[in-house]
Amino acid sequence: MTLLDIKDLAVRFTVEGRAVDAVKGVGFTIDKGETLALVGESGSGKSVTALSVLQLLPQPMASHPTGSITFDGLEMVGASDKKLRSVRGNRVSMIFQEPMTSLNPLHNIEKQISEPLILHKNMSRTEARKRTGELLELVGLGNLKGRLKDFPHTLSGGQRQRVMIAMALANEPDLLIADEPTTALDVTVQAQILKLLKELQAKLGMAILFITHDLTIVRRFSDRVCVMTDGLIVEAGPVAEVFDNPQHEYTRHLLASEPKGVPEPVPADNRPLLETDDLKVWFPIKRGVFRRTESYIKAVDGIDVTVRPRETIGVVGESGSGKTTLGMAILRLIASKGGIRFDGKDLQGLDFKELRPLRQEIQVVFQDPYGSLSPRMSIKDIIGEGLKVHGMGGTEAERRSLVGEAMEEVGLEPGMIDRYPHEFSGGQRQRIAIARAMVLRPRFVVLDEPTSALDMSVQAQIVELLRKLQMDHDLAYLFISHDLRVVRAMSHHVLVMKDGNVVETGSAEAIFDAPQVGYTKALMAAALNLETIEDDSVRA
Amino acid sequence: MALFRVLDPITRRRLTNFRGNRRGYWAFWAFLFLFAITLPAELIANNKPLFVWYDGEPYVPFLVAYPETDFDGDFQTEADYRDPFVQELIAEKDGWIVWPLIPYSYQTINYDLPTPAPSAPSAENWLGTDDQGRDVVARLIYGFRISVLFGLALTILSSVVGIAAGAVQGYYGGWIDLLAQRALEVWGGVPVLYILIILASVIIPSFWTLLGLMILFSWTSLVGLVRAEFLRARNFDYVRAARALGVTDRVIMVRHVLPNAMVSTLTFLPFILNGSVTTLTALDFLGFGLPPGSPSLGELLNQGRSNLQAPWLGLSGFVVVALMLSLLTFIGEAVRDAFDPRKMPS
Numbered sequence: 001m002t003l004l005d006i007k008d009l010a011v012r013f014t015v016e017g018r019a020v021d022a023v024k025g026v027g028f029t030i031d032k033g034e035t036l037a038l039v040g041e042s043g044s045g046k047s048v049t050a051l052s053v054l055q056l057l058p059q060p061m062a063s064h065p066t067g068s069i070t071f072d073g074l075e076m077v078g079a080s081d082k083k084l085r086s087v088r089g090n091r092v093s094m095i096f097q098e099p100m101t102s103l104n105p106l107h108n109i110e111k112q113i114s115e116p117l118i119l120h121k122n123m124s125r126t127e128a129r130k131r132t133g134e135l136l137e138l139v140g141l142g143n144l145k146g147r148l149k150d151f152p153h154t155l156s157g158g159q160r161q162r163v164m165i166a167m168a169l170a171n172e173p174d175l176l177i178a179d180e181p182t183t184a185l186d187v188t189v190q191a192q193i194l195k196l197l198k199e200l201q202a203k204l205g206m207a208i209l210f211i212t213h214d215l216t217i218v219r220r221f222s223d224r225v226c227v228m229t230d231g232l233i234v235e236a237g238p239v240a241e242v243f244d245n246p247q248h249e250y251t252r253h254l255l256a257s258e259p260k261g262v263p264e265p266v267p268a269d270n271r272p273l274l275e276t277d278d279l280k281v282w283f284p285i286k287r288g289v290f291r292r293t294e295s296y297i298k299a300v301d302g303i304d305v306t307v308r309p310r311e312t313i314g315v316v317g318e319s320g321s322g323k324t325t326l327g328m329a330i331l332r333l334i335a336s337k338g339g340i341r342f343d344g345k346d347l348q349g350l351d352f353k354e355l356r357p358l359r360q361e362i363q364v365v366f367q368d369p370y371g372s373l374s375p376r377m378s379i380k381d382i383i384g385e386g387l388k389v390h391g392m393g394g395t396e397a398e399r400r401s402l403v404g405e406a407m408e409e410v411g412l413e414p415g416m417i418d419r420y421p422h423e424f425s426g427g428q429r430q431r432i433a434i435a436r437a438m439v440l441r442p443r444f445v446v447l448d449e450p451t452s453a454l455d456m457s458v459q460a461q462i463v464e465l466l467r468k469l470q471m472d473h474d475l476a477y478l479f480i481s482h483d484l485r486v487v488r489a490m491s492h493h494v495l496v497m498k499d500g501n502v503v504e505t506g507s508a509e510a511i512f513d514a515p516q517v518g519y520t521k522a523l524m525a526a527a528l529n530l531e532t533i534e535d536d537s538v539r540a
Numbered sequence: 001m002a003l004f005r006v007l008d009p010i011t012r013r014r015l016t017n018f019r020g021n022r023r024g025y026w027a028f029w030a031f032l033f034l035f036a037i038t039l040p041a042e043l044i045a046n047n048k049p050l051f052v053w054y055d056g057e058p059y060v061p062f063l064v065a066y067p068e069t070d071f072d073g074d075f076q077t078e079a080d081y082r083d084p085f086v087q088e089l090i091a092e093k094d095g096w097i098v099w100p101l102i103p104y105s106y107q108t109i110n111y112d113l114p115t116p117a118p119s120a121p122s123a124e125n126w127l128g129t130d131d132q133g134r135d136v137v138a139r140l141i142y143g144f145r146i147s148v149l150f151g152l153a154l155t156i157l158s159s160v161v162g163i164a165a166g167a168v169q170g171y172y173g174g175w176i177d178l179l180a181q182r183a184l185e186v187w188g189g190v191p192v193l194y195i196l197i198i199l200a201s202v203i204i205p206s207f208w209t210l211l212g213l214m215i216l217f218s219w220t221s222l223v224g225l226v227r228a229e230f231l232r233a234r235n236f237d238y239v240r241a242a243r244a245l246g247v248t249d250r251v252i253m254v255r256h257v258l259p260n261a262m263v264s265t266l267t268f269l270p271f272i273l274n275g276s277v278t279t280l281t282a283l284d285f286l287g288f289g290l291p292p293g294s295p296s297l298g299e300l301l302n303q304g305r306s307n308l309q310a311p312w313l314g315l316s317g318f319v320v321v322a323l324m325l326s327l328l329t330f331i332g333e334a335v336r337d338a339f340d341p342r343k344m345p346s
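Order-wise, the sequence lines are chains A and B.
Under the working numbering, think of the first position of the first sequence as 1, with each following residue one higher.
Under the working numbering, think of the first position of the second sequence as 1, with each following residue one higher.
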C-alpha cells in the first residue's frame, strides 16, 4: 500500500530576485515498511526533496511551482501549519546528518526524547519518562537510563545519533526520513547505526526514506533506489537492477566513480626522505591551584614513520585516534618530542627562521576546502602567497605566470586567477588548496583528509590528480584519512592508529587483504562491507 | 554604477543591504550633507569677508590677515571688516565686499544688539545670540564640526590601538592574553571622569591633549571583540596553511585574520563614534572639555541651562545634538544590517 506519493514535485528558491530551481519535477512512491534510497551528489536536490515532505523549507524563499506530496491520503503541499504539526514528529519523523548540532545543547537527554511524546501524545511527565527509558533500550542505549539528566556534550557522536533516532522513533512513525544519518560518524559507528535502523524497521514496520551519497550504504541497506542529479530523478528501480544494469549515463558515471586502483610501486632504491623516531605529542592535563601537571593526553604516543620519494604512507584511524595530530607534529605546527628527520636534517629544535626555507619543501593540504582558503583573498593571492614568502619567481608578473601554471597543473582554468574562493565548488577549492602546496615545488606533502569533504566522483578525480602529481614530481605523501577506499587507492604502506598508537602497520596489500589485529579487522569490515564485528576495542 | 559591478558579490550584497535599510541610507546621506557643509565652516560663518575688491586689487581676508593700513586705515593690526569705518574706507575706493552667508565667526561678539545678551532670534542672528553676544548659528556650525571631527579622531585612533591589542592577545593567547586581560580589568576600573576632572584642574586641555586623554581610556572598548575573533580564527585551516607556508605571524594577523575580524569591528564603529561624541558633549557641559571659548555643543547646552529665559539656546543645542546622534545611530543600524550574513536583501 502506498504511504507516500510524490508527483511532479518542483522546488524553487528565490534569492535576491533570482530564481533557482533546486528540484525540477520529481516523482516517487514509498510503500509501507519499504526502504527507498535517494542517491545523488551535493546540490542534486535530494535533501531539498526530503525536507519538502514535511514542508520544512524556509517558506517565502522556497516555493513549489508544481507538484503534490500525499502522505497517507493527506496533501502536504499548502497544508495548514496545524495539520503539518500533527504529522511532523508524529507520523513522519526525521534524523539529520550532524549529530553534534541537531541536539539542543541546553536540554538534557530526557527532555530531548520526551518532547515529542508530551507534544503529540499528551503524556504526563512520569509516563514520558518510562517511555524514554524504553526508547533508549530500543536504540541500544540501555546503559544511559541512569543518565537521563546528562547533557548532549557528554555523549559521543554515535550515542548522540542514537538519541536522535530515539527522538524520531518516540511516536512510532510510519515514515522515517534519514538525511545522511551516518555521514558524520566513524565507519565502525556507521555500521552499528545502520544495523540498528534495519533492526528497528523490522520491529516497527516503518518505511524509511534514506538520503545518502554513499553507494555502499544503498547497496546493503535499501530495497529501491532513485538516482538524482541536477534536480531530476534520472533512474529509479530495485537496487540490484539499477546497480547491476544501470541504464542512465549518470548512474553509470556514479557507479564508476568510486576511487579505484592502486598506486605505482616505489622504486626500490629510493632513500628515505622523512623519518620520525618515537614521535610523541602529549598534552598536559593541569589541575589544582598551582596548575600542576597531573597526567597527559597522549595524542600521539611514540610513532615511527618513514616516507620515501614517490611513496604514500596511509594513516587510518577513527576520529580521536591522533592521525591529524601526527601530521601537524611532522609539519612542526604543534610542539612534539622525538626525532623528525627530513632529508638528513633534524627538524626538531629549529626556530622559525631556520625552519622557514624548509617550509617550501614540506607542504600540507587540509580536509575542509571551505575553511582552508581565506575568503577575502583572490586565488592569485592565495596560491601566490608562498611564492612571495620564499622569494620565488622574482617579479609580480613572473609570480602570476607561475600561479597560472600551477592552476593548469591541477586542472583549473588559469583565467579564473582573479576570482574569490566562494565562486568555486568544493572540488575546485580543493584543487586550489593543492595548487597552493604544489606551486612551491615541495618534496613532501601531508594530505590531511583531502577528499573527505568531497562528492564521490570528485574524490576519484582528486585521487587521480594526486597520483599524477606524485609521479610527475617524485613526491612523498603522508595521506591521512578515515576513508579506507581512498587510502587503498593511494597508499603503498598503511599505519592503523588508535588512541595515539599504531595498532598495525604493513604494506597496503597486507593490511587490506589480511588484517591481523582485531581492531583493523573490525575497521575493514565496517568500512568496506558495513558489517559490525564484535570487538572490545570498537566503541559505540 | 560601473564601480558597483566590479565589486565582488559579498560587497555588492552588503551595499544592497545597506541601501535596503531606507532610514539608515537616508541618514547616511543627511549626515554626509551636514558634515560636508560644516567642514568648510570658515566659508559659511565668518567675521572676515570671503573676498574684497579694493582699489583695483583683490583681497581674500578669510585666508590672509591684512593690516588695516592696507586699506588706508590707522592701525597696524588686522582690519576689522565688521567696523563701519573700515567698510567706509573700502567703499571710498570703489571697492566691494563679499560676505559669507553668516557674517559671524564662533567667537565674534555682536556689540550691536538691540537687547542685552542673550538676545532673541532676529533677521541678523537667526537663532539669537548666547549670553556673550555670540551668534548661535555660527557656534552650532563650528560646534557640529568639532564634535564630529573629535568623535572621528577618537574612534579611529582608539580603534587602531584596540584592534592591535585585541589581535595580539587573541592570536597568541596563553600568558600574553591572560596578563593583558587582567591589566585591562584593572585599567577598566579607573574612574575616567575623576581623572579627567583632576587633570583639567592642573592643565587646560586643548583639543589634542583632550583627545590623547580620552584615547587612554576608550581604546579598551574594541579589545574584547577583536580578541574573540582572533581566538576563533587562529585555528582555522587557512591560518594553519599560511603557517605551513612559512608566513610570519605579523603577516598572518594582518592579511589573513584581520580582514575577517573587520566585519564585526566595522559594525561597532558607528556606535563607538556616537559614544565619543556624547562623551565630548558631556565633558563640555560640565566644563571639563575643550578650552573656554571653543564652539562646543556641550557648552551651549550648559548656557541653555543657566539661561532658561532664553529657550533658543537650549532648544537649538538640543535639536542639533539629538539630530546628530540619531543620524549616527540610524547609520549604525544600516551598517549592522549590511554586515549581517543572514539578512537577505528584500
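Calculated directly from the structure, the hints in this document are not laboratory data.
Keep in mind that a hint or two might mislead.
No farther apart than 25 angstroms at their CA atoms in a straight line, the calculated lysine to any residue pairs in the SDA-like style are these [claimed, not checked]:
1) K337/A - T265/B
2) K353/A - W175/B
3) K337/A - I215/B
4) K286/A - G173/B
Cβ-Cβ distance ranges computed for the label pairs, FRET-style [said to hold, decoys possible]:
5) E423/A - F207/B: 30 to 38 angstroms
6) W26/B - E98/A: 19 to 27 angstroms
7) R305/B - Y370/A: 55 to 63 angstroms
8) D346/A - L179/B: 43 to 51 angstroms
9) R441/A - L266/B: 35 to 43 angstroms
10) L149/B - H422/A: 35 to 43 angstroms
11) L266/B - P284/A: 34 to 42 angstroms
12) D343/A - G188/B: 46 to 54 angstroms
13) E423/A - V254/B: 53 to 61 angstroms
14) W26/B - G78/A: 20 to 28 angstroms
15) L266/B - D277/A: 28 to 36 angstroms
In this text the structure is predicted, and so the values were computed from the model without any measurement.
Cβ coordinates follow ideal geometry from the N, Cα and C atoms, glycine included.
Problem - Outcome for the supplied range 46 to 54 angstroms, where the beta carbon pair is D343/A and G188/B - result: Given range 46 to 54 angstroms: holds, Cβ gap about 52 angstroms.
Practice task
Using the beta carbons of R441/A and L266/B, state whether their distance is inside 35 to 43 angstroms or not.
Solution key: Holds - the Cβ-Cβ distance for R441/A and L266/B, about 39 angstroms, lies within 35 to 43 angstroms.
Problem - Cβ distance range 53 to 61 angstroms for E423/A and V254/B, holds or violated - result: 24 angstroms Cβ-Cβ, so the 53 to 61 angstroms window is violated.
Practice task
Decide if the proposed pair is consistent with the structure: K353/A and W175/B, CA atoms, cutoff 25 angstroms inclusive.
Solution key: holds (23 angstroms)
Handout entry: Hinted pair K337/A and I215/B, Cα distance within 25 angstroms
Key = violated (46 angstroms)
Exercise for the section: With 55 to 63 angstroms as the target window, see if R305/B and Y370/A comply at their CB atoms. Expected result: 58 angstroms Cβ-Cβ, so the 55 to 63 angstroms window holds.
Practice task
Could you tell me whether the CB distance from W26/B to E98/A stays inside 19 to 27 angstroms?
Solution key: violated (42 angstroms)
Exercise for the section: Take a look at whether the Cβ-Cβ distance between E423/A and F207/B falls inside 30 to 38 angstroms. Expected result: violated (47 angstroms)
Problem - Consistency of beta-carbon spacing, L179/B to D346/A, with hint 43 to 51 angstroms - result: violated (34 angstroms)
Problem - 25 angstroms Cα cutoff - pair K286/A, G173/B - result: With Cα atoms ~17 angstroms apart, K286/A and G173/B stay inside 25 angstroms; holds.
Exercise for the section: Take a look at whether the Cβ-Cβ distance between L266/B and P284/A falls inside 34 to 42 angstroms. Expected result: Hint holds: Cβ distance 39 angstroms, inside 34 to 42 angstroms.
Problem - Range agreement (Cβ of D277/A with Cβ of L266/B, hint 28 to 36 angstroms) - result: violated (50 angstroms)
Checked against the numbered hints given earlier, the structure breaks hints 1, 3, 5, 6, 8, 13, 14 and 15 and satisfies all the rest.
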